Each structure stands twice: as structure tokens, then as C-alpha cells.
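Protein chains: 2
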Amino acid sequence: IHEDSAMENIVTEKKAEESHRQDSADLLIFILLLTLTILTIWLFKHRRFRFLHETGLAMIYGLLVGVVLRYGIHVPRDVSNVTLSCHVNASPATLLVNVSGKFYEYTLKGEISANEVNDVQDNEMLRKVTFDPEVFFNILLPPIIFHAGYSLKRRHFFRNMGSILAYAFLGTVISCFIIGLLMYGCVMLMKQVGQLDGDFFFTDCLFFGAIVSATDPVTVLAIFNELQVDVDLYALLFGESVLNDAVAVVLSSSIVAYQPEGDNSHTFEVMAMLKSFGIFLGVFSGSFALGVATGVVTFTKLRDFQLLETALFFLMSWSTFLLAEACGFTGVVAVLFCGITQAHYTYNNLSPESQDRTKQLFELLNFLAENFIFSYMGLTLFTFQNHVFNPMFIVGAFLAVFLGRAANIYPLSFLLNLGRRNKIRSNFQHMMMFAGLRGAMTFALSIRDTATYARQMMFSTTLLVVFFTVWICGGGTTQMLSCQRIRVGVDSDQDNSVSVSLMSIAEGSERRSTKQESAWLFRIWYNFDHNYLKPILTHSGPPLTATLPPCCGPLARFLTSPQAYEVRRQLKDDDSDLILTDGDINLTYGDITVSTDGSGTHTSGGPAFAGATSDDLDRELTYGDHELVMRGTRLVLPMDDSEPPFTDPHHRLRM
Amino acid sequence: IHEDSAMENIVTEKKAEESHRQDSADLLIFILLLTLTILTIWLFKHRRFRFLHETGLAMIYGLLVGVVLRYGIHVPRDVSNVTLSCHVNASPATLLVNVSGKFYEYTLKGEISANEVNDVQDNEMLRKVTFDPEVFFNILLPPIIFHAGYSLKRRHFFRNMGSILAYAFLGTVISCFIIGLLMYGCVMLMKQVGQLDGDFFFTDCLFFGAIVSATDPVTVLAIFNELQVDVDLYALLFGESVLNDAVAVVLSSSIVAYQPEGDNSHTFEVMAMLKSFGIFLGVFSGSFALGVATGVVTFTKLRDFQLLETALFFLMSWSTFLLAEACGFTGVVAVLFCGITQAHYTYNNLSPESQDRTKQLFELLNFLAENFIFSYMGLTLFTFQNHVFNPMFIVGAFLAVFLGRAANIYPLSFLLNLGRRNKIRSNFQHMMMFAGLRGAMTFALSIRDTATYARQMMFSTTLLVVFFTVWICGGGTTQMLSCQRIRVGVDSDQDNSVSVSLMSIAEGSERRSTKQESAWLFRIWYNFDHNYLKPILTHSGPPLTATLPPCCGPLARFLTSPQAYEVRRQLKDDDSDLILTDGDINLTYGDITVSTDGSGTHTSGGPAFAGATSDDLDRELTYGDHELVMRGTRLVLPMDDSEPPFTDPHHRLRM
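First to last, the sequence lines map onto chains X and P. All the letters of the first sequence, read from the start, carry residue numbers 2 to 656 under our numbering. All the letters of the second sequence, read from the start, carry residue numbers 2 to 656 under our numbering.
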């Protein structure tokens with residue numbers, strides 16, 4: 002008996018070893034895919050090819066490897082891997098199997114459709130390269146979303162905040178319902194024709210509408226960055242896409258939560274809809290609050306130990322995500338607002354070295370995660386086992402996605418233009434329409450649940466939508482830009498003051514009106530933020546003793562960090578919201594420092610507009626970054642701008 | 002029927018959501034543990050407490066949380082989670098279960114001992130915080146090991162290479178067999194007394210010997226770094242611990258591979274032993290070759306795009322690991338030598354910004370992974386389900402570990418001292434004996450397979466060994482240092498030439514003899530490396546046209562990069578092996594640049610030893626880093642040493 006069990010142990014060990022080796026090989030496939038992508042994209046960048054972005058390339062390589070895995074490699078049938086059918090009347094999460102006296106534990110992996118049962122053992126290898134969908138949500142999406150928030154160009158973002166919020170909230174909801182309704186029509190038609198094999202309810206259609214409403218124009222924005230496209234267009238597109246991911250996630254989970262009472266679970270019911278709406282509001286604001294709360298946390302004393310500081314920053318950001326998920330909120334939304342808040346407050350408290358480290362770390366994580374997701378998308382087109390490609394549904398989906406995007410952009414732009422002085426011109430509208438790419442978020446949402454027939458069909462269709470938009474729309478960006486005659490080569494740092502000669506006086510007055518447009522809400526927020534929040538949360542800004550009324554003196558002294566007095570002169574210069582650079586243009590965004598030494602600096606920097614600026618906020622909106630660069634060069638970092646002798650200028654070119 | 006299946010889908014979704022929320026909460030526990038550890042360790046560092054290292058602290062917090070999870074939280078019995086027993090006669094990896102016509106797929110999780118069957122459902126929550134052991138090997142260990150290799154202080158390492166190799170290879174094997182034999186005696190005794198419930202063979206004892214022979218003195222080294230302990234002692238201890246991890250991994254896998262032919266599978270057999278020995282050699286050299294091969298890869302042109310460069314570097318390092326694992330070699334060994342090679346060659350080809358980025362990235366990953374493992378260790382003492390604590394075995398193991406370490410250090414030191422001029426003094430020997438901590442590697446090896454009774458007993462015992470050594474030996478390091486009167490406050494950069502006045506002439510002659518000791522093998526390697534490998538693999542060193550005989554002219558011109566000519570003067574200064582700083586002392590290790598402009602620099606730097614140096618290698622061994630610093634200050638980085646005005650000196654203090 003002893004020998005038997007020993008032999009059995011050896012067999013078990015062998016099996017485990019084999020499985021581990023297979024796991025490594027699978028992971029290696031992806032790593033090599035990414036490596037290949039990086040090398041190719043380097044070549045493209047070197048040669049200045051712009052028709053294919055790294056994410057599109059990652060998808061192509063993923064596709065190729067998927068084809069090879071599916072058709073090229075024949076894995077011999079594993080004899081020891083017999084599949085047993087045992088008839089029971091429930092499907093628990095854990096199953097104990099009694100094999101001649103020994104107990105083995107099994108965990109539920111998922112349902113398999115009856116006609117796939119025979120394939121299971123053949124496709125063991127294919128199924129191994131299929132990741133748990135939760136990996137995307139828990140590991141890969143957080144850094145991408147956080148990076149988006151952390152690198153949001155806040156100055157331009159705030160200038161267009163009203164429009165961005167309208168596109169992101171109203172627009173996404175419109176798009177979701179338009180797509181949902183169109184798809185429901187399509188599904189009805191399919192039922193008539195007899196093309197539908199399973200259930201497909203209106204909530205499923207709406208769910209589909211929600212997931213394909215999350216745009217991800219990473220390809221387009223990369224090109225915008227490289228070509229230095231108009232900053233307002235950039236801000237509109239980037240802001241919209243960042244926020245509508247958040248809206249789409251919460252929307253899709255509210256739709257899933259829609260459950261009317263009683264037996265007839267797929268009819269319309271007001272109470273259930275109100276409940277869903279309540280869930281939407283609750284989850285969104287909860288996630289928002291959580292993210293902001295974490296982002297606001299300050300690490301004051303840790304500056305001495307950069308490694309600890311960076312590690313803590315990383316962990317705090319991740320824990321925001323997990324905390325939100327554990328509370329039943331939406332981690333993606335929380336982490337997005339956490340990123341925005343951290344860039345606004347926490348960033349100022351970090352040591353200069355940690356500022357660099359965190360920027361670079363999240364840039365790298367974002368790059369890796371994004372390309373991983375896109376190459377996985379390519380791979381999964383061939384390796385996913387339960388694809389349901391229905392031609393009618395696919396055609397309907399493409400049409401619905403197109404119309405949904407149009408129903409978002411054009412009517413909203415029309416309405417917004419009624420209020421905006423700086424109109425969103427029609428070529429900008431067309432560009433935004435064209436740039437409605439679908440990407441990582443749409444994919445992650447659709448792969449999260451592929452248990453039912455409806456969801457499988459959605460997943461397969463979503464994949465095709467992503468492929469099409471990334472390749473066709475992404476690849477055609479430069480053509481579209483020149484076709485729409487959109488101004489390129491605008492240096493966002495210099496458009497205000499340095500390249501004064503390039504700008505007409507008309508634009509100067511336009512900027513003045515932009516100020517008025519964004520001011521009404523933003524001005525209140527700005528004053529509150531600058532006078533109270535910044536001094537409490539960071540070491541920058543005026544000490545509270547100066548901004549609070551005299552009666553609050555003790556409180557003010559308690560809340561103001563000692564550093565705010567001690568090193569005030571020094572930190573005033575340090576107090577810049579340098580944010581992530583996602584390209585080789587955009588650099589420094591100072592949006593706080595109200596210099597007390599008068600406007601002498603500004604006049605010397607941009608004499609043409611000296612008259613147009615009247616208050617702190619305005620000066621900041623207009624001159625923020627230039628002012629910083631000026632003072633930075635003068636006082637703070639005298640050596641950073643000069644090249645070390647051994648670095649050629651092109652070495653400093655950022656990707 | 003439709004309604005039924007719809008309801009079922011909803012239930013499935015609910016279940017999935019609940020499970021996801023639970024996953025997030027579990028991960029959050031660890032993130033918060035790490036956050037807490039960081040905050041506490043910051044306090045300790047701030048107050049200069051040295052009795053507890055961050056890893057020890059992480060374990061304590063882990064323990065506390067483990068206790069709370071085990072005893073504090075009562076999870077209501079999940080009704081839907083009924084466990085079914087179905088009697089079949091095999092345990093396949095995949096199981097299909099037919100539940101009233103629907104097929105569900107289950108995957109094998111592991112064997113459960115008969116008396117644990119009833120606990121399974123109660124402890125669902127505890128089992129959730131238990132990670133798949135492969136996570137440690139595929140995700141957490143690689144960055145730790147790579148970082149060790151990448152940050153190896155090569156100058157001191159090479160100076161003591163002979164001794165380090167002896168301790169690491171011979172010493173680990175000795176320790177493994179001594180512990181194995183002692184444990185076998187202990188097990189025999191336990192059988193006599195009737196304390197043993199399961200099988201425990203001699204190979205199991207040897208396996209235990211192998212896994213507890215991997216030392217991990219991270220705690221001790223951190224203190225060494227902080228106190229600036231003698232560099233030779235540091236090099237011996239660090240080098241030994243880095244390499245013996247590699248040896249222990251390969252040793253343990255060769256022991257597992259020991260399988261005599263025939264029925265009687267636990268007797269001694271020469272052929273099987275030779276086969277195991279062959280496996281050891283094959284796996285080790287295979288991993289070594291793979292690691293070196295990947296490390297040697299050069300990224301020449303990518304310097305323009307730092308993000309791509311860093312991403313590629315990261316992926317290459319990881320793929321080395323996976324490739325080795327997929328080939329059946331040992332990833333840890335491969336990644337270690339990959340790190341050493343990359344620090345030696347690839348590092349020189351990176352752009353300065355990428356050099357910083359990669360250093361900081363791996364520093365961070367190492368920090369996070371290490372503390373995660375240690376806090377998991379603390380947690381798992383209470384949450385692991387199959388602990389087997391056997392008092393006799395534990396006492397025996399502690400004794401064996403102690404004796405095994407002694408049998409490694411003292412006899413080998415005696416033998417080495419016969420050959421060394423720069424003797425390993427007895428206080429160094431005691432310190433090395435004392436610093437035989439067990440850590441991440443031992444833990445990862447022991448948790449990898451806990452299927453059998455013997456392995457479970459080993460795992461539980463190993464945990465206790467790690468706890469004891471990290472807390473007691475780690476905590477007592479400063480006491481031990483002062484008790485053994487080991488010199489502290491030695492600045493490794495300045496001990497050669499800058500702080501000349503502090504050193505006696507006697508030490509000067511000692512250094513000369515060190516040179517002779519290490520020279521015989523190293524000199525050949527050094528010349529080959531400097532004249533041929535460096536020019537081919539990096540842009541540094543003399544062009545091949547200068548070092549190869551004239552007949553090889555065309556080949557030499559083909560292999561030498563154009564940059565080697567163009568920017569030769571520049572790169573000569575750039576050609577420094579600045580490696581990772583793991584503390585606030587240690588800085589720069591130049592070990593290549595043979596300056597052609599005579600020894601004028603050296604004489605000015607260290608006039609006392611001008612006569613002692615006679616050739617390139619020697620000059621480098623003695624003056625390498627100082628020379629670099631000198632030239633660095635003079636030519637290369639004129640601005641890096643001067644503090645930016647807004648940074649206080651203590652802000653630059655590294656952790």
C-alpha cells in the first residue's frame with residue numbers, strides 16, 4: 002500500500018510539474034508577443050509610420066499567435082485527463098470527489114454548452130491560454146485607468162469641463178439607450194427570421210449598449226500628441242473618453258441590477274428602473290467619494306525615504322480600487338478619481354524623486370497593461386471556445402454603434418454650442434465622431450461574463466467592433482485630420498505666451514471669453530480649493546492663517562503644516578502640478594502658484610496679453626505653465642534644462 | 002423553462018459578484034498589511050530602531066491578521082455551497098458534472114486529508130486568502146532574485162569569488178546532507194516512539210535539507226548597509242546567499258527527481274543518484290546559460306524611446322524566467338544570472354534615464370514582493386489548513402539547521418583560510434554562522450507542494466524556522482556585530498583612496514595579496530571580457546580592431562559598433578557599471594574603464610598605493626570606483642553631485 006501511494010504521489014508531482022511548465026510557456030507567449038510589439042513599434046516610431054498604433058499592432062500579433070495555437074499545434078490527447086460525468090442535482094462551487102478512499106477537491110470553473118463537451122479535452126491547451134476575466138479587472142485595468150486620471154491635462158480639462166461632462170454623462174447614456182433600442186429591434190428581427198438560438202432580453206441589449214459606449218481613443222490620442230493637435234480638441238476627446246469609461250462601467254452594472262419583482266422578470270417596471278437609477282447614482286458617487294478620499298491622503302513625513310514613499314503611493318492607489326470593489330462600488334471609477342485627486346494634491350507633497358518615480362512607474366504599467374490587453378484580444382478571437390458569430394447581430398451592432406456615437410456627439414455639440422462662445426466647430430465634431438474607438442474597457446466588460454448565449458454573442462461582436470475601430474478609425478486618424486483641416490503643430494505650452502507672434506489678437510479675445518464661460522462654477526471651486534483645500538492637504542498655497550477669517554486663528558494654525566511657513570518661499574516654486582507627460586510635447590502644468598511678486602514675470606513673458614489677465618484664476622488658466630517654466634528655469638531647477646554633456650539632445654526625446 | 006434558466010443566470014451572476022467582492026477584500030487585506038508595514042517601518046527608520054526589519058514587521062502584522070481571520074471572524078455557513086461526494090475511481094485534472102442536463106466544469110484543486118473533509122465548507126473564507134503557491138514562483142520570486150543579481154556589488158563579489166562559490170556550492174550541499182541525515186535520524190526516532198502518522202522517506206529528509214539550506218539574510222544585510230559594515234564580510238554574505246538560493250532550488254528539484262528503478266522505490270541506487278547528479282548539473286548549467294544568453298542581448302537603438310526601452314528590459318528579464326521554467330530549467334537561477342549579466346553588459350547600453358528607471362523599478366518590485374511574501378508567511382501560520390506541527394520534528398529541525406549551518410561555515414572557512422591571505426577571521430565566521438537566516442526562498446520552496454503528510458510537516462516546521470531566524474537572528478544583528486567587534490562605519494567607496502589616512506600600510510599590503518589570490522582565474526576572464534566581450538556587447542571598451550590580431554580586421558570592424566569609434570572619448574566615461582544602490586552608502590562600481598591617459602588620475606587620488614598597482618585589473622580592483630567618481634565628477638556628470646537648491650541633503654538619503 003505504501004508503495005502504491007508513493008507512486009501515486011510521484012505521478013501527482015509529475016502532473017503538477019507539467020502543468021507548471023505549461024503555465025510558464027503560456028505566459029511566455031504573451032511576454033514574447035509584447036516584446037515583439039515593442040520592437041516593431043520602435044521601428045515604426047523610428048520611421049515615423051503613424052498608420053498603426055502599438056495597440057493595433059499588438060492585436061495583429063495576438064491574432065497571428067491565436068491562429069497558430071488554434072490550428073497549427075496539435076496537442077496529443079492527454080490520456081490521464083479523462084473526463085468523468087457524474088450526475089448530481091446541483092452545481093456547488095466546491096466539489097469533493099472520493100477516489101477509492103482519498104478525497105480530492107475540485108472548484109467550479111464554469112458551464113459548458115452541451116455541444117462543447119467533447120471538445121474540452123482536446124482544447125486543454127487553448128483553454129490554458131485563456132485568462133480568468135477577473136485578471137483584467139483586478140490587475141490590468143486599474144493601472145490604465147489610474148494613469149489616465151493621473152495624466153489628465155487639468156488645465157485644458159477644466160477649461161472644457163462643462164462640455165466634457167455633458168459628453169461623458171449625457172452622451173454615454175444616450176448612446177447606451179440608442180444602441181440598446183436598435184439592438185432590440187435587431188434581435189426581434191432575428192427571432193422572426195429564426196436566427197436566434199437562445200434568450201436575448203431588452204436588458205441584454207441595454208447591457209450591450211452600455212459596454213460598447215465606453216470609448217478608448219488611445220490610438221487617436223497618441224497621434225494627436227505626436228502631431229500636436231489643437232489642445233481643446235485633445236482635452237474634449239481625452240476627458241470624454243476617461244470619464245465615459247467610468248460612466249459605462251457603472252451603467253452596465255446598474256443594468257445588470259435591474260430586476261423587476263415577481264415572476265415575469267423581463268417586463269418593464271418603474272420601481273425596478275428607479276432602483277437601477279438609484280444604484281447608478283449611489284455607486285458612482287460612492288466610488289467618486291472613495292477615490293477622492295484616498296487621493297486626498299497626504300504623505301508628509303515620508304519624503305525622506307523615496308522607496309517607501311513610492312511603494313506607499315502605489316499601494317494606496319491600488320487599495321482604492323480594491324476597497325471600492327470590496328464595498329460593492331466600482332473600482333475603476335474610484336481609481337480614476339483617486340488618480341485625478343492625487344495628481345492635484347498628493348503629487349505636491351511627494352519628494353521630487355518620487356514624483357518622477359511614480360510618473361514613470363504608472364507610465365510603464367499603463368503601457369504594459371494596455372498592450373497586454375490588446376494582444377490578448379487578438380489571441381482570444383481564435384482561442385476563445387464559445388464564440389457566437391451571428392452575421393445579422395454583427396451588422397446590426399456596427400450600425401447601432403455608429404448611430405449611437407452620432408446621437409451622442411452631434412446633438413450634444415449643437416446644444417453645447419448654444420452656450421459656448423468658443424464653439425465646437427463641425428470639423429471637431431466629425432473628428433470626435435470618428436475617434437469613437439472601442440478598446441480595453443469595452444473588452445474587459447464584455448469578457449467579464451460569458452456564461453450565457455446572449456453574453457457570448459455580445460463578446461464575439463464586441464471583439465469585432467474593437468478590431469474594426471482600432472484598425473480602421475485608428476489607422477485613418479492622420480487622413481481624417483488633414484481631411485477635416487484640423488490645425489496641427491500647436492505646442493500646448495507655447496500657444497499662450499511664448500509663440501505670441503503666431504497667434505492673432507482675435508484668439509486673445511477668444512481666450513478671454515473662454516474664461517468667462519468656464520468661470521461661473523469653476524471660479525467658486527477654484528477659490529475654495531486654492532484658499533482652503535490646498536493649504537490643508539499640501540504644503541503649498543498661502544497659509545491658512547492668511548486665508549481664514551481671524552476668528553479661526555487657532556484652527557488655522559493647527560491645520561497648516563509647519564513647512565508652509567518655514568519653506569514657504571522655497572515651496573512656492575516647487576508647488577507645481579507637473580503631471581505625466583504622455584508624449585514629447587506637453588510638459589508642465591502649473592495651476593496653483595499665485596505669485597505674490599506681482600505680474601512682472603508675466604508681462605515679460607507674454608506682453609500681448611498683459612491687459613487681458615485680471616485675477617489669479619485667469620492668470621493661471623492663461624499663463625500657468627509658462628510661468629512655471631520661467632520660474633523653474635530661474636529658481637528651482639537651474640540645471641535640469643541644460644543638457645548633461647554626454648547626452649545627445651535626441652536621447653532626451655520622450656516616447 | 003425560460004424563466005427558470007433566467008433566474009438561474011441571475012443566481013450565477015450574484016454568486017460571481019459575491020466571489021469577486023470577496024477576492025477584492027482578500028487582496029485588500031494584503032495591500033493594507035503592506036501599507037501598515039511601510040508606515041511603521043518609516044517610523045522605525047525615522048527613530049533609527051534597528052532591532053526589527055521591515056520583513057520581520059510584515060510577518061508580525063501578517064500573524065495578527067491571520068489570528069483575526071482564523072478566530073475573530075465567523076463566516077456563516079454558505080448553504081448554496083453544499084459539498085457533494087461522488088465516488089469515482091480516478092482523479093482527473095478536469096471533471097465534468099452533469100447537473101440536470103447542464104454541464105459544469107470543475108478543476109482539481111488538491112487532495113484533502115480525510116479528517117479535514119468536514120472543515121472544508123466552514124473555512125471557505127480562510128481558503129480564499131490562501132494563494133496558489135505558483136504565484137510565489139511565477140510572480141513574486143523573480144523580481145526579488147533578479148534584483149539581487151542586478152544589485153550584486155560586483156567588485157567586492159569578484160574579489161571574494163572563490164570563497165563565495167565554495168560557500169554557495171560546497172557549503173549548501175554539505176548543509177543539505179547534514180540536515181537530511183540528522184532529520185532522518187530524528188524521523189527514525191519518531192517512528193520508534195510512534196509519533197509519525199505518515200510516510201517520511203530519506204529523500205523527504207534530503208528535500209527538507211535542501212529547502213532550509215537556502216539562506217536569505219536580507220534583514221542582516223539591510224543593517225550591514227546602514228551601519229556600513231566591512232565590505233568583505235558584506236560581499237561574502239550577500240554573494241553566498243544569492244548563489245545558495247540558486248543551488249538550493251536546483252538541489253531540491255534533483256532530489257525530487259531521484260527515482261530508483263523497480264518496485265522498491267526508496268532504497269539507495271547508484272544509477273538513480275548519478276542521474277540526479279546529472280540533473281543537478283544539467284539544470285544548473287542550462288539555467289545559467291539561458292540567463293547569461295538573455296542578459297547579453299543588447300538594446301542599441303532603442304535609447305531614443307525610454308519607455309520602450311524600460312518595458313523591453315523588464316519583459317526580457319521576465320521572459321528569461323519563464324523560458325527557463327518552460328524548458329524545464331530553473332527560472333530562479335536563470336533570472337539571477339540574467340540580472341548579473343544585464344548589470345554587467347546591458348546596463349551600459351541603456352540611456353541614462355532608463356538606467357535610473359530600471360534600477361528604481363526593480364527596487365520597488367523587490368521591496369513589494371519581499372514584504373508581501375513575509376506578511377503572507379505570518380498570515381499562513383494561522384490560515385493554512387493542513388498544518389502538521391510535530392514537536393519532535395521541530396526540535397530536531399532547529400538542531401539540524403543549526404548544525405548544518407555550522408558544518409557549512411566553519412570547516413569551509415578553515416579550508417579557505419589555508420588558501421586566502423586575507424583570512425576570514427573567526428569573528429566573521431561567527432557572524433556568517435549567525436546570519437544564516439531563512440526567508441522567501443525557503444518558504445516558496447516549502448509551500449510549493451504541500452500535498453503529502455511529509456511535506457505538510459516540513460512546511461509547518463519551515464515556517465517556524467523562518468520566524469525564529471528572522472526575528473531572533475535578524476533582531477540581534479547589531480548586538481552580534483558589537484559583540485564580535487566587527488568594524489562598522491566603513492565607507493566602501495572611500496576605503497581605498499579617499500580616506501587614505503584612516504588605513505594602515507598593513508592593509509595596503511593585504512590588498513595586494515588579495516589581488517594575487519583572486520587573480521589566477523579571474524585575470525584570464527577579465528582580459529577576455531574587457532578585450533572582446535565588452536566591445537562586442539556594449540559600446541564601451543576599446544574597439545575590437547585594436548584588440549583583435551590584424552588578420553581578423555574585417556570581422557572586427559563588422560562586430561564593433563560604429564558608436565565605439567564615434568563617441569569613444571565620450572563613452573569611455575559613460576562606461577561605468579553603476580549598479581543598484583541598496584542603501585545609502587554604496588554607490589558606484591566601475592570595473593571596466595581602463596583609462597588610456599595613464600595613471601595620473603590614480604596617483605592624484607590615492608598616492609599611498611601608487612606603487613602597489615601594476616596592471617589594469619589590479620588598478621580596477623583597488624581603485625575602480627574611486628576612479629569613476631573622480632572622472633564622473635570631472636567630466637561626465639558635473640551637475641549630479643551638486644544638490645539642487647531646494648532639496649535638503651536629507652531628502653537625498655536613500656532608503
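Calculated directly from the structure, the hints in this document are not laboratory data. Incorrect hints may appear among the rest.
In this list, chains with the same sequence are indistinguishable; a pair is considered to hold if it fits within one copy or across any two.
[Claimed, not checked] In silico lysine to any residue, SDA-like type, Cα no more than 25 Å apart, as pairs:
#, residue 1, residue 2
1, K16, K276
2, K15, V257
3, K46, R22
4, K424, G476
5, K46, G420
6, K192, F529
7, K424, L413
8, K15, D450
9, K16, A327
10, K15, M274
11, K360, T36
None of the values given here were measured: they were computed from a predicted structure.
Hints the structure fails to honour:
3, 4, 5 and 6
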